[in-house]
Amino acid sequence: MPATVDQIFVICKHWLLGFAPAGVQPIFSALLSVVPILVVFPLLFAITTVLERKGLGRIQNRYGPNRVGPCGFFQPIADGIKSLTKEDVVPATADRVAHFLAPLLLVAAAFLAYAVLPIGRNMVVANLNAGVLFFFAVGSMVELAVFMAGWASRSKYSLLGAMRAIAQMISYEVPLVLASVVVIMAAGSLSTVAIVNAQVGYTGIWPHWFVFTPWGFAGFVLFMIAATAESNRSPFDLPEGESEIIAGYYIEYSGFKFALFFLGEYLGMFATSGMAITLFLGGWAAPFSFLTWIPSYVWFFAKLLTLIAGFIWIRGTLPRLRMDQLMSFAWKFMLPMTLLNIFAAGVWHFMPAGYARWLACIALVVAPFLLLGRGLQQEKKSGIRSYRFAE
Amino acid sequence: MLGEGILKGLAETARNFLGSYVSKDRLTTVQFPEERLPHIEAARSFPFLVYDGEDWQQGMRCVSCLICEKECPPKCIFIEKSKDKKPDATGKPQFYPVVFNIDVSVCMSCQICVEVCPFDAIKMDVEFELSTNDRFGGLLWDKERLAKSNAYYGKIHPTEAAAVDAQLAEERAKLEAKAKLAAEAKTATVATPPAQPLRETSETTEGSGA
Amino acid sequence: MTVSFFILAALTIAGTVAAMSLRNLVHCVLALTLGFAGLAALYLQLGAQFVGFTQILVYVGAVAILAMFAIMMTQRAGAVAQPVFTPSRMPGWIAGGMIASAVFAVLAWAIHSSAALPKTLPPQALPSQADAGVRAIGNALMHRFVLPLEIMGLLLTAALIGAVLVAMQEQQEMP
Ligand code: SF4
Ligand code: SF4
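First to last, the sequence lines map onto chains A, B and C. Everything in the first sequence is counted per our numbering, starting at 1 for the first residue and increasing by one. Everything in the second sequence is counted per our numbering, starting at 1 for the first residue and increasing by one. Everything in the third sequence is counted per our numbering, starting at 1 for the first residue and increasing by one.
Everything labelled a hint here was simulated from the structure, so no lab data went into it. Quick reminder that beta carbons are idealized off the backbone N, C-alpha and C, glycines included. There may be inaccurate statements among the hints.
Negatives, chain A to chain B, calculated, CB over 12 Å [to be verified]:
| no. | residue |
| --- | --- |
| 1 | Q7 |
| 2 | V24 |
| 3 | M163 |
| 4 | G201 |
| 5 | H208 |
| 6 | S254 |
| 7 | F329 |
| 8 | L376 |
Heads up, simulated DSBU-like pairs for lysine-lysine below, C-alpha to C-alpha not over 30 Å straight-line [said to hold, decoys possible]:
| no. | chain 1 | residue 1 | chain 2 | residue 2 |
| --- | --- | --- | --- | --- |
| 9 | A | K54 | B | K24 |
| 10 | A | K332 | B | K8 |
| 11 | B | K8 | A | K54 |
Pairwise CB distance ranges, derived in the manner of DEER restraints [what the hints assert, rightly or not]:
| no. | chain 1 | residue 1 | chain 2 | residue 2 | range |
| --- | --- | --- | --- | --- | --- |
| 12 | A | L291 | C | F5 | 44 to 50 Å |
| 13 | B | P38 | A | I362 | 41 to 47 Å |
| 14 | C | V63 | B | D134 | 54 to 60 Å |
| 15 | C | L149 | A | V90 | 58 to 64 Å |
| 16 | C | E150 | B | K8 | 55 to 61 Å |
Model the full assembly from the supplied sequences, consistent with the hints where possible.
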């Protein structure tokens, strides 16, 4: 019985597929896989916006939205109606085509990333051999969309925002990918499905998630930091720092296009969280062996919501970084840490199982963390700033 | 250690988050339309025109001197001065504004008009729920919309109004005394019955009594 | 298969032609990106997932952005370049076209006569190769081609260090 509940969506899909004539079956099958994703994740976006606002409110000792519907939970509907009915203003000098295409490209890229996320047992749109690579490739398309938005608006604020966004995304893409390399090494595959399958087993009641190893834990933390920066969320939200460049690259967008940017940003955040779950938190696997009767997709979404709550918590806590802090953090801390983490994963792989392996790996992760951390903190003295201009 | 401060901060925000569900006094927000904070005396929103007595048209203190119109920084006051004079609340014939408009969508609540008015005719209101669905006409307030009684002024800014009332009364008393002296001097020298007294209304007698 | 191939090929060619002929340089780069993406899709269609995704990651994600930055740093954004098709430029176009077709001919001849390409592909060969693609590339890079890979890595690292040195020197010259 649990198996049926677990596979209910897969069974439904096959049952529905039975009605389609043989000729259109591949297309129909793809539709049946894609449409739920197109429905579920925007819904999750709507729920997240209101949860985020309420959570941030509570963190700041306020109520948050509580007027529309019960406890304010219909707020996203009101917001949606508002953004749909708002005037769509395009700046007179804007590059209309690029200005129009940028939000679409952003959302399309964000949605594409879900193709390789296994959200349940046997529930993945496309089980690609190079799934992880696909994920990062699609993620890099976001940069192009951001650049198009910033450049096409012909506004200095948007251009500055886009520059910042791209500098930040390129810098943090390196640690993001390097942090996930350890998992690829351990699982021996680039396929997301294979990576999850490598984490499904249990020792006693404890799961075999990669996060429960020294390199996995470090990798997870580094991955999440880089993911926060990739999705332009606080404390790495310089590209949209409203106190300096108002809203960054999407300042010239209004109405529904603005909503699309918002959607794209959140979808990107969910996708990277989903990737973190797939890589480090065992994907759809239950956290204890006696909980496996709960369907796999429930576990995936539970983990996803937990990570989102973490994102909100971080956003409510930390102030925004400065550009030089951001960059030196990326290149002087994240990059060496991820490289050393890869080394630690290698050591883990080649040492025989036992306490010695644990100790060696923990030492390999913690010692550079302490040293690099000290190095970063000693840099606090700020001297005279020198400005350099492009000739 | 790197990250220590972040953990401390996270603990603090978590305490805020959970605490806001446990103790109500953490949440300082006032749920506005249902609950209201007590009115603050020094609050101000937009100017209004003070009138004495019951009839707003007759009792309006403004004498259309146009000083506020000139001084208003964003130039949101528009006054049309009357050609004739009408008796004011004290019975003295005065000019009066035929049109007195303030565009509150432009007004920046700077209170300069209040400071410069020599007749204490314009004061700051405290009303702030002013939304309207007519974005132009609804925010251009005319004389009638602006006129509010001195009693209302006394209610919203008691201390300030008391001071203004006292000062006005004093001025009137002085005038009264001067007029009396002048009258007496006249009677003494010319020994003829005095001409029309300058002021003779209930208001003046009240003033001299005080 | 053939239909999608022709659509993708048309897309790629349209992108690259637009990249040459559009007047606004930023538009050119965007069109070039379209060409890159079309190329990546062609790779994917051939079952070369790794190459296809790397193409997107490197070309769409990095090279296009780099080109944009280069254009924006050197030229005022929005400045309109001169028209591309003018009678006076015709000799240049003809010469360029001739060189391009010569290069294409040489490449085509080289590939066609290469021993690496089996003359007749068994129809079932493609999918099975695709499944092993990533692993095969990894094995090839780590065993047979490990030396070229390392040398290339060293070269790139040296270039990186060189760039950092150049940048640092410039900063020291600043008063
Ligand atoms: S408060 Fe200031 S802005 Fe408003 S009417 Fe008076 S002088 Fe003008
Ligand atoms: S409100 Fe005061 S300053 Fe303004 S016109 Fe009337 S009397 Fe003069």
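Each hint tested on the structure:
1. Q7: Holds, since 37 Å exceeds 12 Å.
2. V24: 51 Å, holds
3. M163: 27 Å, holds
4. G201: 32 Å, holds
5. H208: 27 Å, holds
6. S254: 19 Å, holds
7. F329: 10 Å, violated
8. L376: Given that some Cβ of chain B is not farther than 12 Å from that of L376 of chain A, nearest at about 6 Å, it is violated.
9. A:K54 <-> B:K24: 16 Å, holds
10. A:K332 <-> B:K8: 24 Å, holds
11. B:K8 <-> A:K54: OK: K8 of chain B and K54 of chain A at ~22 Å, within 30 Å.
12. A:L291 <-> C:F5: 44 to 50 Å: At 48 Å between Cβs, range holds.
13. B:P38 <-> A:I362: 41 to 47 Å: 60 Å, violated
14. C:V63 <-> B:D134: 54 to 60 Å: Since V63 of chain C and D134 of chain B have Cβ atoms about 56 Å apart, the given range 54 to 60 Å holds.
15. C:L149 <-> A:V90: 58 to 64 Å: Violated, at about 48 Å.
16. C:E150 <-> B:K8: 55 to 61 Å: 45 Å, violated
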